[in-house]
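K.L.:
The chain contents come next:
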Amino acid sequence: MNVTLLYFARLREQFGTASEAATLPAEVKTLGDLVAWLRARGGHWATELAEGRAFRLAVNQDMADPATALKDGDEVAIFPPVTGG
Amino acid sequence: MNVTLLYFARLREQFGTASEAATLPAEVKTLGDLVAWLRARGGHWATELAEGRAFRLAVNQDMADPATALKDGDEVAIFPPVTGG
Amino acid sequence: MKIQVQTAAFDLNAELAALYAANPKVGAVASFLGLVRDVNEGDGVATLTLEHYPGMTEKALARIVEEARSRWDMLDCTVIHRVGELKPTEPIVLVAVASSHRQDAFAACEFVMDYLKTQAPFWKKEMTPDGARWVEARESDDTAAARWQK
Amino acid sequence: MKIQVQTAAFDLNAELAALYAANPKVGAVASFLGLVRDVNEGDGVATLTLEHYPGMTEKALARIVEEARSRWDMLDCTVIHRVGELKPTEPIVLVAVASSHRQDAFAACEFVMDYLKTQAPFWKKEMTPDGARWVEARESDDTAAARWQK
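Protein chains in written order, with the numbering used here: chain A, 1 to 85; chain B, 1 to 85; chain C, 1 to 150; chain D, 1 to 150.
Excised from the complex, chain A in its bound form (with noise of 0.2 Å):
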């Protein structure tokens, strides 16, 4: 399953990248998944996606959950909690 990773803020400053287009291997089934596979990337990947950490995630620009399913071609973003207005 291929999906794009977007990131903001201070998490797009700490991972270095904007964006990435990425191939998730088979066991990687939900948004919770995901999440575990770019932790054991360690380094700020580990440190930023700590359990407890506060971040926000989005699937086709809707706010989601761990438990969202994905699927081939999906748009999903990382970020920290908001903080517009």
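Rather than coming from a laboratory, the hints here were simulated on the basis of the structure.
Honestly, I wouldn't trust all of these hints.
Some chain C residues close to chain B (C-beta under 10 Å, calculated; not the full set) [unchecked claim]:
1) Lys59
2) Lys125
3) Met127
Note that the Cβ used here is the ideal one computed from N, Cα and C, for glycine as well.
Start from chain A and add chains B, C and D according to the hints.
P.N.:
Leaving out everything else, chains B, C and D in the frame of chain A:
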């Protein structure tokens, strides 16, 4: 005791005057007494100031109630409930 | 604090800028604009004429603004109320409150409007197809003001 | 309904007039202006830079406005949020709601702001004397949004 009486909006129209200088008899001591004295004029005065009609009172530009004591030189206003904004 | 009764229209850009442009502590400006509608109580309204009690009006508005300032963090406030003859879509009143944070600005602005509606000596007369009539006070305005009582 | 994300400043007179000038059913416009403050968390702020998630931002704001419209009498609504680098006293956001009566306009405007603060993908980075830092989300904003939950 001499007071200035001011009328606004519907009351101004009904009474046919916006203001009058009134010399009050000795028994008129409070705002309530003044209203009763005006009511005794009959006609529109009796109708508009009848018990149970909605009107408001102010003394020297502050909202006031019938128990308010009057003194010489007071500016007394009688008007319908306000409808600004 | 600026409190003004006038016949002229007002410039929103200028009025709001006066509240925040020179004060970098202001993070929030909540404002309310009241406008003449073309229908009231089911009847068409061609014009609305506003009368007030000069002197008492300004005193009553100043007291309402002071009460709001004592309850919320209010850095500045502008109240402009027009009088005279107005047409549908014309602004009647502007209440704008500047605060550091939005909750204070919203609450104070709504408080000032609710009290203005029940305490400030303005009266509206509307011209309808059946002739001129004085607008009746609304019970809902008394209810709105009453909810702020401590 | 107008929802816009832009770098440019906006003209309050024009934005509010667009809500009421052509619609004589509008009796009330409640609006909120959020501004850059020169101090945050005790530190001086020289500039604020706003980033957003193009596409999702507009979708999230449209959803918030629709939710507000389903809850209150809302005749029209404008949300303009700026992005890019801003200085203290510059406007960041405008939310303006037009209704027949003021209670709906106030409630809907405050609702949209509260949800915008917690649901719309904007992020602020501020330049302080100690360098640049990302603004942390405030728990009070979550609390403010939560109070609207039915």
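K.L.:
Would the stated hint for Lys59/C survive a check requiring a Cβ distance to chain B of less than 10 Å?
P.N.:
At 5 Å from the nearest chain B Cβ, Lys59/C passes the 10 Å test, so the hint holds.
K.L.:
Verify the interface restraint on Met127/C: the C-beta must sit less than 10 Å from at least one C-beta of chain B.
P.N.:
With a closest approach of 14 Å, the Met127/C hint is violated.
K.L.:
Restraint: Lys125/C near chain B, CB-CB cut 10 Å. Satisfied or not?
P.N.:
Given a least distance of 7 Å, the restraint on Lys125/C holds.
Hint 3 alone, counting from the list given before, is not met by this structure.
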